[in-house]
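Engineer: Using the hints provided, position chain B relative to the given structure of chain A.
These protein sequence lines are chains A and B, in that order. Heads up, the first sequence is in this note's numbering, so the first residue is 6 and it goes up one at a time. Heads up, the second sequence is in this note's numbering, so the first residue is 6 and it goes up one at a time.
Honestly, the hints are just simulated from the structure, not real lab data. Bear in mind that the values here come from a model prediction, so they are computed numbers and not experimental data. Certain hints may be false.
Any copy will do: because identical chains look the same in the list, a pair fits if it lies in one copy or spans two.
[Unchecked claim] Cross-link-like lysine-lysine pairs, in silico, DSSO-like; alpha carbons within 27 Å at most: (1) Lys63 - Lys285; (2) Lys32 - Lys96; (3) Lys405 - Lys80; (4) Lys285 - Lys372; (5) Lys11 - Lys63.
Number of protein chains: 2
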Amino acid sequence: MPTLSKRVQDTFASPFRKFLPLARATKKRGIEVIHLNIGQPDFAMPTDLLNNLWDDSKPNFVPYGVAEGEDELRKAWTAYYSKFNVDLRFKDLIVTTGASEAILFALLGIADAGDEIIVPEPFYANYNGFAQMAGVNIVSLFSSIEDGFPIPKIEDFERTIGPRTRGILLSNPNNPSGKVYDEDTLIALAALAKQYNLYLLVDEAYSEFVYEGFSFYSAMQLSGADDHVIVIDSISKRFNACGTRVGALISRNHQLLENITRYARLRLSPPMLGQAFSIKALQLPSEYHDRLRTDFSNRRSRLLERLDQMEDVLYHAPEGAFYLFVQLPIDDSDRFCAWLLTDFEYEGRTVMLAPGTGFYSTPGKGKDEVRIAYILDVDHLNNAMDCLEAALKVYPGLKKPVASVV
Amino acid sequence: MPTLSKRVQDTFASPFRKFLPLARATKKRGIEVIHLNIGQPDFAMPTDLLNNLWDDSKPNFVPYGVAEGEDELRKAWTAYYSKFNVDLRFKDLIVTTGASEAILFALLGIADAGDEIIVPEPFYANYNGFAQMAGVNIVSLFSSIEDGFPIPKIEDFERTIGPRTRGILLSNPNNPSGKVYDEDTLIALAALAKQYNLYLLVDEAYSEFVYEGFSFYSAMQLSGADDHVIVIDSISKRFNACGTRVGALISRNHQLLENITRYARLRLSPPMLGQAFSIKALQLPSEYHDRLRTDFSNRRSRLLERLDQMEDVLYHAPEGAFYLFVQLPIDDSDRFCAWLLTDFEYEGRTVMLAPGTGFYSTPGKGKDEVRIAYILDVDHLNNAMDCLEAALKVYPGLKKPVASVV
Chain A
6 MPTLSKRVQD
16 TFASPFRKFL
26 PLARATKKRG
36 IEVIHLNIGQ
46 PDFAMPTDLL
56 NNLWDDSKPN
66 FVPYGVAEGE
76 DELRKAWTAY
86 YSKFNVDLRF
96 KDLIVTTGAS
106 EAILFALLGI
116 ADAGDEIIVP
126 EPFYANYNGF
136 AQMAGVNIVS
146 LFSSIEDGFP
156 IPKIEDFERT
166 IGPRTRGILL
176 SNPNNPSGKV
186 YDEDTLIALA
196 ALAKQYNLYL
206 LVDEAYSEFV
216 YEGFSFYSAM
226 QLSGADDHVI
236 VIDSISKRFN
246 ACGTRVGALI
256 SRNHQLLENI
266 TRYARLRLSP
276 PMLGQAFSIK
286 ALQLPSEYHD
296 RLRTDFSNRR
306 SRLLERLDQM
316 EDVLYHAPEG
326 AFYLFVQLPI
336 DDSDRFCAWL
346 LTDFEYEGRT
356 VMLAPGTGFY
366 STPGKGKDEV
376 RIAYILDVDH
386 LNNAMDCLEA
396 ALKVYPGLKK
406 PVASVV
Chain B
6 MPTLSKRVQD
16 TFASPFRKFL
26 PLARATKKRG
36 IEVIHLNIGQ
46 PDFAMPTDLL
56 NNLWDDSKPN
66 FVPYGVAEGE
76 DELRKAWTAY
86 YSKFNVDLRF
96 KDLIVTTGAS
106 EAILFALLGI
116 ADAGDEIIVP
126 EPFYANYNGF
136 AQMAGVNIVS
146 LFSSIEDGFP
156 IPKIEDFERT
166 IGPRTRGILL
176 SNPNNPSGKV
186 YDEDTLIALA
196 ALAKQYNLYL
206 LVDEAYSEFV
216 YEGFSFYSAM
226 QLSGADDHVI
236 VIDSISKRFN
246 ACGTRVGALI
256 SRNHQLLENI
266 TRYARLRLSP
276 PMLGQAFSIK
286 ALQLPSEYHD
296 RLRTDFSNRR
306 SRLLERLDQM
316 EDVLYHAPEG
326 AFYLFVQLPI
336 DDSDRFCAWL
346 LTDFEYEGRT
356 VMLAPGTGFY
366 STPGKGKDEV
376 RIAYILDVDH
386 LNNAMDCLEA
396 ALKVYPGLKK
406 PVASVV
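For reference, chain A alone in the conformation it holds in the complex:
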């Protein structure tokens, strides 16, 4: 048979999904799999958002839309940003097919093959894959779970800048660490980007989900760095509509957006049905997110309580988003996550988690870490934690306490 490309064979395997074939086999054996591997919450959305999605005001077929996204959606989305004290204009935002496409378009638009972007580690695993697709090298800035995932110092960012560095990419709140960047850090990063003539790309998919004691500061609030700042946004997590595939690329650098629109024109338009939904969702009253935040906060509390009862488990309480990155007494998180699906059950159930290795580009990091998405109700979370607790007693690759090794 003809050969495959080298790049497809080298392509990063998504830690959220690479074990799905195993999970399917587990379910076939009659075992319930509790999916905490992916950020897909179970909250119902206001039902009328999905009724009459393609109403009589629309044509009686589904045409291509505008490459940059429908005018009405761009208006609704930029208006929505006023809740973050951001004054956006229509032209500052182009609609993409999920944040995924926004990330790919941004990388292609700011960097050529062989160029570099700096990304604080751990980071959203699929950045690895999109960087590979674009031929861009990720230069990671490591921070450790033992230290509570501190945001790297500005001097550390600066030290990492090289002749091929094109930008700094981060997610705020951070997936998977749950860290939230404060205003001062973002201002300092914008100053650094200006000094070295770099882009500052901030993925704000989780900006609605910041817990008590912390506050969200959008990179679009930064002043004096309009040419440098790019924000990536998404309808998915914000409105529990991951499957609509609607995201956005936001910048006041219109020359950049106009150039990136060439890529948007190639794929003709973002999904029209998802856009019709998004226009309605972005006009929901802010109480909608107040309620979601309360629910997530309760789930988070319960999860932390359960983990506190387990031995040799280390975490940093999330400040935002809905993930917990946790260190476990295990030899290999890939092996552990697979084993949970292939060789383990507790009362007819098991739990699917995302192995930590995928969230680093530094080889060997994350081997004893997993990501838990607290996206299900407290009952499901409890069942999942029962599984985890039991698994950590019988998993064959458990790290022995140092004393017993001697």
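Structural biologist: Same frame as chain A, but now just chain B:
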């Protein structure tokens, strides 16, 4: 400001869309623009396909789907192929975000940066852009409008194969030439692909639209070349649902599909609302397409009648699809198409066309050709042809007949 990547600045500008800003300005001046620039037909779809799209059988939110597409859609789509005498299995088809994504994934999966694919010319213009995104070089095989766009001879394909050739890409029926590949040609191309260990990629987005006297032969009907054949398909044109953004990548080479699924997993899932629509659409009775074919055939006849009445206009009657690629007595199709929008009107109207240059990769080709999409009803087509006829009398860049130059 920070620089843009070289590649985004070099990115191919879509001939279907690059003049849209001009068209917007035209409309602002109160002039009606008849859009024959893009393959977006005006046929109503059965209305119940769009009602109750997200019914009670589904969760009360819109979750991520399966990266390879929803099981139900894959089943409906493979079953639909029986109408082309193709026996497909569930695993032979993965769902993509439009055919656009299928093309990009296929190129990334079979070719590394710097590799080549052979494409008969003229071809679907956006192949140029997707090849650029993937860093793959298009080696084109020219055929001329004067000769009626003959499909290149097998010897010509063979002569073009070099050490970096990874595949042959064609669309059948061809957009923009309207040529239909016959069974013998496809069998010969598959044999060539086997002999040189190449992929044969066939874009069959228009397979429902083949006119009297011609018949469609799907590359999935080819036997003995399962590892080599890749078909690209789309819901868009087939069901007048371009905006749903649902396409497919089809192959019996499962190793290839499994590898490409890594790209699919990165972007998580195809649009779920569009997939819900597609499941219903693929189960429409075949009378639906019989009627569409009749309507397109009538539009085609009227368009050809009108062109026959104009001087110095050359075309080859389309055998399939719904485009007419036509040679006009003009100096420069880009200039002409822009001029139609900026400096021309006839009875308060003008027509937007796609300049021919974008459908070639050979520089200088297509300069006196335009693509006309006959996707509107006969009244609109007549109005558009009134405009074209009038324009060809007053356009400042008209080619003078040789006699008058002397």
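Engineer: Please go over all the hints and tell whether each is borne out by the structure.
Structural biologist: Checked hints:
Proximity of Lys63 to Lys285 under the C-alpha cut-off of 27 Å is found in both arrangements, the shortest distances being 14 Å within a copy and 20 Å between copies. When the C-alpha separation of Lys32 and Lys96 is checked against a cutoff of 27 Å, the pair qualifies only between copies, where the shortest distance is 19 Å, while the shortest distance within a copy is 47 Å. Taking the closest pair of Cα atoms, Lys405 and Lys80 never come within 27 Å of each other, the shortest separation being 57 Å inside a single copy and 49 Å across copies. In this assembly of identical chains, Lys285 and Lys372 lie within 27 Å of each other by CA distance neither inside one copy nor across copies; the values are 42 Å within and 45 Å between.
Proximity of Lys11 to Lys63 under the C-alpha cut-off of 27 Å is found in neither arrangement, the shortest distances being 45 Å within a copy and 39 Å between copies.
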